[in-house]
Amino acid sequence: MGVRKRQMAERIKAEKKELAFAKLNDCPTSPRKMRLVADLIRGKQIEMALAILRFNPKEASRKLEKLLLSAIANWEAKNEDGNIEDADLFIKEIRVDSGTMLKRLRPAPQGRAHRIRKRSNHVTMVLGANNNAEANA
28 MGVRKRQMAE
38 RIKAEKKELA
48 FAKLNDCPTS
58 PRKMRLVADL
68 IRGKQIEMAL
78 AILRFNPKEA
88 SRKLEKLLLS
98 AIANWEAKNE
108 DGNIEDADLF
118 IKEIRVDSGT
128 MLKRLRPAPQ
138 GRAHRIRKRS
148 NHVTMVLGAN
158 NNAEANA
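For what it's worth, the numbering used here labels the leading residue of the sequence shown as 28, then goes sequentially.
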């Protein structure tokens, strides 16, 4: 059983070497608006995703572009001997979760008040490499 656990740990470690991720917490944009842009780049190659984000007029695309560049830098830090062009990186997973909500009051007619919810979100981006370690060996 000890051998099997060690083999599993080595396999997980090799898989983690090919993955890189970046997180953006408490981004002051509603999750719905961020998901519209995130759905455009899910599963795409990083060059294609950067091009989509660069020419998209939405503000969420600027933040996701910065996050993608950060994830690429994290991958480079993890794989110092690797080459980005050879690795064929793609966006394996992108998740947009709702964050904290700021609750504010707006005056309404006849002395009432309406609640305004200023939403925020958390974005997690995972990059994966298409080439396998076995293919290089």
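Where hints are given, some of them may not hold.
Stated by the list, open to error - Taking lysine to aspartate or glutamate pairs in the EDC-like style, the calculated list, with each CA pair at most 16 Å apart, reads:
1. Lys90 - Glu37
2. Lys43 - Glu120
3. Lys50 - Asp108
4. Lys145 - Asp53
For the record, the hints were derived by calculation from the structure and aren't laboratory data.
The structure presented is a predicted model; accordingly, all values stated were derived computationally and were not measured.
These are the hints, each one checked on the structure:
1. Our distance criterion of 16 Å between C-alpha atoms is broken by Lys90 and Glu37, whose separation comes to about 35 Å.
2. Restraint check for Lys43 and Glu120: the C-alpha separation of about 14 Å stays at or below 16 Å, so the hint holds.
3. For a cut-off of 16 Å, the pair hint linking Lys50 to Asp108 is broken: about 24 Å separates their Cα positions.
4. Between Lys145 and Asp53 the alpha-carbon distance is near 11 Å, which keeps this suggested pair within the 16 Å criterion.
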